[in-house]
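> Given next are the chains, with one letter for each unit.
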Amino acid sequence: MSRKRFMGLFAVLVGLVLGMVGSAQGFDPETFILATMEEIDTLDPAVTYANTTFRELYVLYDRLITYEGASIEPKPMVATHWEISDDGLTYTFYLRKDVKFHDGTPLTAKDVAYSIVRAIKIGKGPSGLYTGILDENSPEVVDDYTLRLHLRQPFPALIPLLGMTMGAIVNSEVVKQHEVNGDWGEAWLTEHEAGSGPYILESWERGQQMVLVANEDYWGGAPKIKRVIIKIVPEASTMRMLLERGEIDMATDLPLDIILSLQGTPGIVVDIVDGMAIQYLAFNCEKDPFNNKVLRQAVAYAIDYDAIIEGVYLGLGIPLRSPIPKPLLGYNETLPVYRYDPDEAKRLLKEAGVEKGLEINFLIAPFTNWQRVAMAVQADLKKIGIKVNIQQFAWPTYLQKIFHGEHDLCMMGWTPDYADPDQNMWTHLHSSNVGPGWNLAFYKNPDVDYWMYQSRLTADPTLRAQYLTMAQALAINDSPYIWLTQLKAIAVYRDWVKGYEVNPMMNFYVPFHHIYKEK
Amino acid sequence: MLNYVLRRLGLLILVVWGVSVITFTVSQIIPGDPALMMAGLRARPEVVAAIREKLGLDKPIHIQYISYIRNLLKGDLGTSIHTHHPVAQDLKTFFPATFELNTVALLLSLIFGIPLGILSAAKQNRLPDHLGRLYSLLGVSMPSFWLGMILLLIFYLKLGIFPGGGRISPHLSEYVGRTGFYLLDALIAGNWRAFGDVLWHLALPAYTLSLQTTGMIMRMTRSSMLEVLRQEYITTARAKGLAEGRVLMKHALRNSILPVVTLVGMIYGYGLAGSVLVETVFSWPGIGRYAVRAISFLDFPAVMGVTIVIAVLYTLVNLLVDLSYAFLDPRIRYG
Numbered sequence: 001m002s003r004k005r006f007m008g009l010f011a012v013l014v015g016l017v018l019g020m021v022g023s024a025q026g027f028d029p030e031t032f033i034l035a036t037m038e039e040i041d042t043l044d045p046a047v048t049y050a051n052t053t054f055r056e057l058y059v060l061y062d063r064l065i066t067y068e069g070a071s072i073e074p075k076p077m078v079a080t081h082w083e084i085s086d087d088g089l090t091y092t093f094y095l096r097k098d099v100k101f102h103d104g105t106p107l108t109a110k111d112v113a114y115s116i117v118r119a120i121k122i123g124k125g126p127s128g129l130y131t132g133i134l135d136e137n138s139p140e141v142v143d144d145y146t147l148r149l150h151l152r153q154p155f156p157a158l159i160p161l162l163g164m165t166m167g168a169i170v171n172s173e174v175v176k177q178h179e180v181n182g183d184w185g186e187a188w189l190t191e192h193e194a195g196s197g198p199y200i201l202e203s204w205e206r207g208q209q210m211v212l213v214a215n216e217d218y219w220g221g222a223p224k225i226k227r228v229i230i231k232i233v234p235e236a237s238t239m240r241m242l243l244e245r246g247e248i249d250m251a252t253d254l255p256l257d258i259i260l261s262l263q264g265t266p267g268i269v270v271d272i273v274d275g276m277a278i279q280y281l282a283f284n285c286e287k288d289p290f291n292n293k294v295l296r297q298a299v300a301y302a303i304d305y306d307a308i309i310e311g312v313y314l315g316l317g318i319p320l321r322s323p324i325p326k327p328l329l330g331y332n333e334t335l336p337v338y339r340y341d342p343d344e345a346k347r348l349l350k351e352a353g354v355e356k357g358l359e360i361n362f363l364i365a366p367f368t369n370w371q372r373v374a375m376a377v378q379a380d381l382k383k384i385g386i387k388v389n390i391q392q393f394a395w396p397t398y399l400q401k402i403f404h405g406e407h408d409l410c411m412m413g414w415t416p417d418y419a420d421p422d423q424n425m426w427t428h429l430h431s432s433n434v435g436p437g438w439n440l441a442f443y444k445n446p447d448v449d450y451w452m453y454q455s456r457l458t459a460d461p462t463l464r465a466q467y468l469t470m471a472q473a474l475a476i477n478d479s480p481y482i483w484l485t486q487l488k489a490i491a492v493y494r495d496w497v498k499g500y501e502v503n504p505m506m507n508f509y510v511p512f513h514h515i516y517k518e519k
Numbered sequence: 001m002l003n004y005v006l007r008r009l010g011l012l013i014l015v016v017w018g019v020s021v022i023t024f025t026v027s028q029i030i031p032g033d034p035a036l037m038m039a040g041l042r043a044r045p046e047v048v049a050a051i052r053e054k055l056g057l058d059k060p061i062h063i064q065y066i067s068y069i070r071n072l073l074k075g076d077l078g079t080s081i082h083t084h085h086p087v088a089q090d091l092k093t094f095f096p097a098t099f100e101l102n103t104v105a106l107l108l109s110l111i112f113g114i115p116l117g118i119l120s121a122a123k124q125n126r127l128p129d130h131l132g133r134l135y136s137l138l139g140v141s142m143p144s145f146w147l148g149m150i151l152l153l154i155f156y157l158k159l160g161i162f163p164g165g166g167r168i169s170p171h172l173s174e175y176v177g178r179t180g181f182y183l184l185d186a187l188i189a190g191n192w193r194a195f196g197d198v199l200w201h202l203a204l205p206a207y208t209l210s211l212q213t214t215g216m217i218m219r220m221t222r223s224s225m226l227e228v229l230r231q232e233y234i235t236t237a238r239a240k241g242l243a244e245g246r247v248l249m250k251h252a253l254r255n256s257i258l259p260v261v262t263l264v265g266m267i268y269g270y271g272l273a274g275s276v277l278v279e280t281v282f283s284w285p286g287i288g289r290y291a292v293r294a295i296s297f298l299d300f301p302a303v304m305g306v307t308i309v310i311a312v313l314y315t316l317v318n319l320l321v322d323l324s325y326a327f328l329d330p331r332i333r334y335g
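Going down the list, the sequences are from chains A and B. Last residue of the first sequence: 519 (our numbering), numbering continuous. Last residue of the second sequence: 335 (our numbering), numbering continuous.
Keep in mind the hints are simulated off the structure, nothing from the lab. For every residue, glycine included, the Cβ atom is placed at its ideal position computed from N, Cα and C. One or more of the hints may lead you astray.
[Unchecked claim] Computed list of lysine-lysine pairs in DSBU-like fashion (alpha-carbon distance at most 30 Å, straight line): (1) 158(B) <-> 519(A); (2) 123(B) <-> 250(B); (3) 121(A) <-> 54(B); (4) 401(A) <-> 100(A); (5) 517(A) <-> 158(B); (6) 250(B) <-> 121(A); (7) 97(A) <-> 110(A); (8) 54(B) <-> 401(A).
[As the list claims (entries may be wrong)] What the simulated footprint calls covered on chain A by chain B, stretch by stretch (three residues with Cβ under 8 Å from a Cβ of chain B suffice, anywhere in the stretch; the number is not a length): (9) 84–91; (10) 100–112; (11) 440–454; (12) 458–472.
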């Protein structure tokens with residue numbers, strides 16, 4: 001190659017690169033880019049149980065009920081109002097008449113009924129929330145805009161539950177058209193949507209991004225943000241750089257240390273509010289040695305909770321005494337809470353009659369925070385003479401083991417799926433839920449079961465709170481779990497994002513249609 | 001020649017079969033319930049049981065294997081447990097990204113590695129050689145994860161002249177996606193802006209990935225060149241008055257390139273499976289990340305699919321390398 005030709009080629013390359021630099025996009029008030037580390041699995045609301053997917057489903061579909069802003073009070077959405085029969089077994093919903101699906105057909109009661117039956121028939125994750133409460137015969141279409149639900153047992157948490165993505169209403173006609181071999185349209189809805197929400201799915205490149213566009217005919221008004229891009233950024237440090245340069249509007253899933261170091265950075269808002277995610281350890285109450293209540297209490301006194309909240313969760317947590325986080329119904333500050341008290345721990349250990357040299361297996365999954373907690377617990381228990389063997393397994397293996405009670409002690413985190421204490425209480429403490437039902441302590445106490453059941457029989461919040469207090473008091477004394485902390489909810493975004501309020505329960509979700517961008 | 005190729009292709013089937021047996025056995029031994037992962041936590045027990053039956057998980061392992069192979073021969077790799085999507089389709093989505101990245105990275109390593117190697121050999125123990133060796137040492141010893149981070153920090157965060165990851169700018173993504181090879185897609189669409197944008201996105205990750213291999217290729221070229229340069233026919237060439245450049249390029253390089261070609265084959269095969277760290281740093285939607293996620297979700301159809309595809313490619317690349325020997329060295333004949 002002659003020198004002249006070489007120089008020519010070089011000039012072209014330089015020009016190309018410089019041209020590209022200029023092609024970076026400037027501030028666009030109508031496009032919102034949110035970065036997440038987690039890949040979206042499936043868009044079918046009857047299949048997914050992943051927070052990262054709930055985020056998209058929440059704006060693609062409407063529900064009978066919704067939550068607004070930072071409030072955890074259920075609000076009307078497609079249902080303008082509803083009536084509950086005195087026995088708590090019949091719910092009648094009156095629907096808005098101006099809701100249209102993305103294909104233009106009106107949303108009617110038959111779509112709501114179909115969506116509920118569909119979830120139950122498919123029977124995957126989300127349907128677990130209806131077990132024992134709704135079945136395929138529950139929905140009754142009274143007329144186009146009136147729907148009645150017949151419950152199998154009273155369930156005062158039904159309204160809060162229907163406000164979540166499990167209550168997403170699918171376009172029954174469209175889904176039926178795409179049904180293959182009686183799959184209720186599952187294969188099709190994995191990649192597509194059939195909703196009526198403020199956003200419409202435009203494109204999805206797995207592993208890269210999902211693009212949603214505004215539904216200009218939305219009954220609640222056209223959103224100001226016209227395009228939402230959900231960008232997959234698997235590395236936290238990369239995501240941080242994207243946020244610092246303003247290339248993304250919001251960063252999610254960042255680890256706590258990065259979040260704290262972003263505080264005070266000009267142009268970036270770190271919004272920290274009380275959250276509802278809880279972190280805990282579960283004893284195996286069914287087998288030796290933790291079938292001994294006094295020993296469980298001794299361990300509960302031996303843990304330095306404040307050190308874990310400070311050291312692992314960087315101070316972004318508050319003490320927790322039961323599965324009910326503040327401010328859900330039934331949260332009660334007068335109930336006792338285990339605090340770090342090594343002397344009491346040693347006294348109880350003696351009372352428990354435990355011989356010297358006790359060894360226990362503490363199972364965890366390979367998450368950084370869990371590893372740190374495990375090491376703190378190991379050090380704390382060593383002080384009272386209990387040797388902790390930490391055993392780490394990949395997530396599916398871990399679940400298999402703890403569901404079958406192979407642990408002495410294990411760790412778990414939990415965020416309530418809807419704003420009612422019923423789920424957290426039943427899931428963790430009811431004897432019918434041991435093992436795969438997530439009662440990982442294999443805890444069975446008929447009295448606790450009784451009070452929880454009572455709390456379902458009434459809709460009166462004061463009475464419910466009293467019954468739940470009874471159940472909590474018994475469970476705190478039995479100490480089947482070590483309730484480590486209730487975490488803060490955090491949102492990290494650019495300061496040009498306006499009108500966003502972090503919801504303590506749903507910090508995974510962003511109501512894109514209620515926010516806007518302004519410099 | 002044809003015979004040889006056919007024999008090698010037969011061998012390929014054997015290798016892939018062996019790989020599939022091992023992967024299948026290992027993925028079945030790991031405790032965990034794929035049916036539960038597929039149904040989702042809190043799914044109804046009878047649904048989990050139904051899925052288990054549908055996937056054939058209740059049958060003995062050899063029966064499961066036979067039915068897997070039977071489906072494989074029909075081109076059906078099964079459905080991913082995590083993405084709820086046919087594995088073949090997933091591979092079509094994620095594989096081109098890795099393939100494109102590794103190809104560009106390999107080209108970069110060749111463009112830098114071979115000339116630097118030649119230069120090093122020609123100027124043995126002088127400044128260019130020392131600098132070249134330092135460069136290759138740095139390249140080989142720097143962890144790609146860390147290097148990628150540093151490059152992003154400087155060229156994206158501080159200087160803003162390269163993008164912060166991804167394969168293409170969002171506003172140009174309509175021009176790509178047909179084949180999954182974005183450079184090719186942009187060419188087919190005839191959109192130079194998109195083509196340049198894809199190159200621009202490729203620059204940092206490809207360079208990160210290439211640095212290590214550049215070092216290896218350079219070292220191999222250098223040592224192989226040095227050996228050849230000591231041969232008598234090189235002295236002859238110089239004695240008959242050939243220009244040094246002609247001696248190096250025409251006489252020495254061609255005879256010292258064989259070991260480099262072998263190395264390139266291995267690097268390529270390795271890169272297809274081993275670029276996961278670079279993919280993570282640069283938000284590159286590649287097969288490495290897909291595989292890691294598949295493993296952590298016990299997604300055995302996906303793990304099998306990835307393993308088999310990579311095994312096939314690795315063997316094919318090696319076959320190509322062996323065949324290229326015949327072109328490079330006329331003394332080598334296959335029959």
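> Now look at each hint and say whether the structure bears it out.
Hints versus structure:
1. 158(B) <-> 519(A): Holds, because 22 Å separates the two Cα atoms, which is no more than 30 Å.
2. 123(B) <-> 250(B): Answer holds: residue 123(B) to residue 250(B) is near 17 Å, not above 30 Å.
3. 121(A) <-> 54(B): holds (16 Å)
4. 401(A) <-> 100(A): violated (46 Å)
5. 517(A) <-> 158(B): Status holds; Cα separation ~25 Å.
6. 250(B) <-> 121(A): violated (73 Å)
7. 97(A) <-> 110(A): This hinted pair holds, its Cα atoms lying about 13 Å apart.
8. 54(B) <-> 401(A): holds (23 Å)
9. 84–91: violated (count 0)
10. 100–112: Violated, because only 0 residues of the segment 100–112 of chain A bring their Cβ atoms closer than 8 Å to Cβ atoms of chain B.
11. 440–454: As far as the segment 440–454 of chain A goes, the hint is violated, because 0 residues have Cβ atoms under 8 Å from chain B.
12. 458–472: violated (count 0)
Comparing the model with each earlier hint shows violations of hints 4, 6, 9, 10, 11 and 12; every other hint is respected.
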